[in-house]
Amino acid sequence: MVIKMEDFEPKIVGFLCNWCSYAGADLAGTSRIQYPPNVRVIKVMCSGSVDSVYILRALLEGADGVFIGGCHPGDCHYLDGNYKARRKAVLMNSILDTLGLEKERIWIRWVSASEGQKFADTIKEMTEAIKKLGPNPIAKYWNI
Amino acid sequence: MTDKILKVKNGDTVTSVNNFLKDLLKSKKIQALLVMQEVPSKAISFPVLISDSDKLNSNVFAPVLPVSTASIISKITKIDSSSGPIGVVIRACQIRALVELVKLNQANIDNIIIIGVDCLGTFPVNVYSDFPEKESPTDFILNTSKKNIDANKYLRTACQNCKVPIPSNADIVIGLFGLDPKKELLIQINSEKGQKLLEGINLEAVKDTKNREKALKDILLEKNQNRSDFIKEFGKIKGIDALAKFFDKCINCHNCMKVCPICYCKECLFDSSIFNLEANKYIGKAEKKGLFKMPNDSLLFHTTRMNHMVVSCIGCGLCEQACPSDITLMEIITPIGENAQKIFDYSPGSDIEEKIPMVIYKEDEYQEVGEK
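Going down the list, the protein sequences come from chains H and S.
Heads up, the first sequence is in the working numbering, so the first residue is 1 and it goes up one at a time.
Heads up, the second sequence is in the working numbering, so the first residue is 1 and it goes up one at a time.
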């Protein structure tokens, strides 16, 4: 099955923190702000709790992108979870760089509970960026 | 604290050090000693915990590292520390691992006296037990320190590219770089603990340290060169094609994780039932691509493990040694470790007070992350 580029609808797995980004996504919904349905949301208690294995499993199983949403720096419900998420992202980027894998498929963004519009805009922006990148090449590997 | 010289009798380096350690044990200042000793079959040396000086028949220079000595010390001290001090004779890489384990709250060295040994490198277990040269592996490796013999053909990859074979954070160092180990060894005293332990032990004063300083400089230069050449060569394993090929032989035994001193989790996520699915889910996975290899998730395991341990990776190479499929893991772990540690400006195992990068943060760092 060959998917034509213009028909390609990326699958994005989104990990949203309970306190900010998930509430932000909720606000986007209740405010009836339209955003691409490409993101599949998984609620987590904190962006800092998103272990590398969540991200890598999504990508290795064929997701085209992974989105991590957390509170703005300084606003973490658990004080420093998002600062730790930030360090984890830096480490993940370094490892993916060394391995020559596409770190562009992983987005981490700060979205507060009041930023429904920002959430919708960010998902739109990410969906378009992943569409440009094309399908995740890892998806076709059955031997990993 | 002045450094001392241990005179080697009859050119027998191993026995002279053994007698020195016997004296330490007899002095009763240490309750027990953890040291490499040959098993009765002589096939290999293992760390043994010895309390009776008559039973001590150690070989601290045996060029083999079957298991992580640091993990053993973690095992001994994790529940509580012993009532009396334990002396541990340990290689440079294993001290680094021990320092990381202390930082990870997995070992307690309050009652441990670290006796570091200058490391000439180690051979893979099978090379050690079936050593092809006429001499014993220990004699062979000791000779490389004075004659110009290239031991690299036998050394483990990790040892060829070792960052620092000279012990740091040790209370006492048994030094052989820059000395003739058939004649004398350096006993360097680095701490109060070490000083106290050596009181009353008969040692000579050091005369000249120029030779050693030069030898240390040379060995660090050589190893650094090896390491950067190695990283240059294998940093090229890039892209999913190359990675899939690299890990093709992985049988998902998780040995690399089990022997790793840094992988300390009581139960690894990958050994848990989280990856056990219902039959129909397996079929569902097959249907997604039409087929998939079983056991699966080997690349997920390796890439996740890298994320979890690589900042603290001290480069002992036990992962590679334990691989039954002979996957040359260090070719990937070394460049990844180097790059990740550079980003956080962190050198694992060097400073016991320095926090591990993944547990600390600064408010105003990496501000580009999360914004674009």
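There may be inaccurate statements among the hints.
[As the list claims (entries may be wrong)] Below, a sample of chain S positions facing chain H; criterion: calculated Cβ distance under 7 Å: (1) ALA215; (2) LEU216; (3) GLY239; (4) ILE336; (5) GLY370; (6) LYS372.
[Unchecked claim] These stretches of chain H come out as covered by chain S in the derived footprint (C-beta under 8 Å, 3 or more residues): (7) 24–32; (8) 107–119.
No lab work stands behind these hints, which were simulated from the structure alone.
Even for Gly, the Cβ is constructed at its ideal location relative to N, Cα and C.
Hint-by-hint comparison with the structure:
1. ALA215: violated, 33 Å
2. LEU216: violated, 30 Å
3. GLY239: With a closest approach of 4 Å, the S/GLY239 hint holds.
4. ILE336: Because about 5 Å separates S/ILE336 from the closest Cβ in chain H, which is inside the 7 Å limit, the hint holds.
5. GLY370: With a closest approach of 5 Å, the S/GLY370 hint holds.
6. LYS372: This hint is violated: S/LYS372 lies away from chain H, its Cβ roughly 9 Å from the closest one there, beyond 7 Å.
7. 24–32: violated (count 0)
8. 107–119: holds (count 3)
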